[in-house]
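Peer 1: Sequences and hints are given; from them, build the entire structure.
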Amino acid sequence: MTEQITIKLPSFPKGYHIITALIEERLPSLPDKGLVNIFIHHTSAGLSINENADPSVREDFESFLNKLIPENDPVYKHIFEGSDDMPAHLKSSLIGQSVLIPVTNGKLNLGTWQGIYLCEFRQHGGQRKVTITLFT
Amino acid sequence: MTEQITIKLPSFPKGYHIITALIEERLPSLPDKGLVNIFIHHTSAGLSINENADPSVREDFESFLNKLIPENDPVYKHIFEGSDDMPAHLKSSLIGQSVLIPVTNGKLNLGTWQGIYLCEFRQHGGQRKVTITLFT
Amino acid sequence: MTEQITIKLPSFPKGYHIITALIEERLPSLPDKGLVNIFIHHTSAGLSINENADPSVREDFESFLNKLIPENDPVYKHIFEGSDDMPAHLKSSLIGQSVLIPVTNGKLNLGTWQGIYLCEFRQHGGQRKVTITLFT
Numbered sequence: 013m014t015e016q017i018t019i020k021l022p023s024f025p026k027g028y029h030i031i032t033a034l035i036e037e038r039l040p041s042l043p044d045k046g047l048v049n050i051f052i053h054h055t056s057a058g059l060s061i062n063e064n065a066d067p068s069v070r071e072d073f074e075s076f077l078n079k080l081i082p083e084n085d086p087v088y089k090h091i092f093e094g095s096d097d098m099p100a101h102l103k104s105s106l107i108g109q110s111v112l113i114p115v116t117n118g119k120l121n122l123g124t125w126q127g128i129y130l131c132e133f134r135q136h137g138g139q140r141k142v143t144i145t146l147f148t
Numbered sequence: 013m014t015e016q017i018t019i020k021l022p023s024f025p026k027g028y029h030i031i032t033a034l035i036e037e038r039l040p041s042l043p044d045k046g047l048v049n050i051f052i053h054h055t056s057a058g059l060s061i062n063e064n065a066d067p068s069v070r071e072d073f074e075s076f077l078n079k080l081i082p083e084n085d086p087v088y089k090h091i092f093e094g095s096d097d098m099p100a101h102l103k104s105s106l107i108g109q110s111v112l113i114p115v116t117n118g119k120l121n122l123g124t125w126q127g128i129y130l131c132e133f134r135q136h137g138g139q140r141k142v143t144i145t146l147f148t
Numbered sequence: 013m014t015e016q017i018t019i020k021l022p023s024f025p026k027g028y029h030i031i032t033a034l035i036e037e038r039l040p041s042l043p044d045k046g047l048v049n050i051f052i053h054h055t056s057a058g059l060s061i062n063e064n065a066d067p068s069v070r071e072d073f074e075s076f077l078n079k080l081i082p083e084n085d086p087v088y089k090h091i092f093e094g095s096d097d098m099p100a101h102l103k104s105s106l107i108g109q110s111v112l113i114p115v116t117n118g119k120l121n122l123g124t125w126q127g128i129y130l131c132e133f134r135q136h137g138g139q140r141k142v143t144i145t146l147f148t
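Protein chains in written order, with our numbering: chain A, 13 to 148; chain B, 13 to 148; chain C, 13 to 148.
It is possible that some hints are incorrect.
Which copy is meant is left open, so a pair is good if it fits within one copy or across any two.
Claimed, not checked - Below are the DSS-like pairs computed for lysine-lysine, each with C-alpha atoms no more than 25 Å apart in a straight line:
| hint | residue 1 | residue 2 |
| --- | --- | --- |
| 1 | 89 | 79 |
| 2 | 20 | 79 |
| 3 | 26 | 141 |
| 4 | 119 | 141 |
Derived by calculation from the structure, the hints in this document are not laboratory data.
Peer 2: Laid out in structure tokens, this is it:
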């Protein structure tokens, strides 16, 4: 029994944002055992799972990944969509566009410190579309 | 209802290659709602989803990732299979060996700009084997 | 038909460790066709698939990723949980917390050289909890 919905997230600024509650409020009734996949339909944003408590973790993600995968690197040829565009594509493949979370006893079975991150890699990414698929 | 096939992709040179059409032509009839997993059975290649339009994006992936994870780094001990081997293993775990794509209304529900990338990290990787699993 | 178990892995030192046999001995009877998801409930460890033969590959993972994502980087603000903490969060999102493996003919359908890695990013990570979900 598969259930699936596609939703638009609100616009977020460039950076890493916890969207666990936004996702949970859109989920159908969850089974005893299953899996939820969340897939983002974009090549300049990503989804990940990481620390849900201290905001400095998300700030360090932003600072460190900007340093690791910088704007205006001399090897880039794909530069006409803005200096944040090619780094966004690279980050999207390194972080990933999809998370898969076990469902147990009617809930997303995340660890105590795990939250779902929307990783917005562009300055003006706008509203991002995600598809949530539940398998029972 | 699970369907599964294993196929060999044609040989590709080192680099990033769009294989969306190659995959789509091997898919069984797709349901209204489901998920497709594509898994590559190798440790020196990867699968990802990224920009499907401008070839310079794939060229920049090749240049930038070669710079980020270089050949002949002095820390490498695993050097006897060629200078492209250890970087290939590292890239494979950072990019990933598996993509999971929602199926909606009988089609792979990729975003407008999303294509499936075969990431070939070796000079002579040969024909890569992938298993496609469809869940309905 | 979904089956799911949650297990604790033994404690491992910081580094990359093959846990294929540990996972296989905990799997239920596997079907002809399916998928197994393994999910780690932590933000400072990861799961990946990579080379299962030469131990120097895992040593190079440890050396190279420590260099790529170093401790004590000047951009980090999240420093009060130890110098290995923020690098662990970053590695966890780059490597990922989840692997998805096809099941074929009653077995995990891994390639000849593929093994499941527990990626322990902390000095004293302790016993890590993973949930294994099987879809048939």
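Peer 1: A separate judgement is required for each hint: does it hold in the structure or not?
Peer 2: Hint check:
In this assembly of identical chains, the alpha carbons of residue 89 and residue 79 lie at most 25 Å apart whether taken from the same copy (19 Å) or from different copies (15 Å). Taking the closest pair of Cα atoms, residue 20 and residue 79 never come within 25 Å of each other, the shortest separation being 29 Å inside a single copy and 36 Å across copies. In this assembly of identical chains, the alpha carbons of residue 26 and residue 141 lie at most 25 Å apart only when taken from the same copy (16 Å versus 32 Å across copies). For the identical chains of this complex, residue 119 and residue 141 are neighbours both inside a copy (23 Å) and across copies (17 Å), given an alpha-carbon limit of 25 Å.
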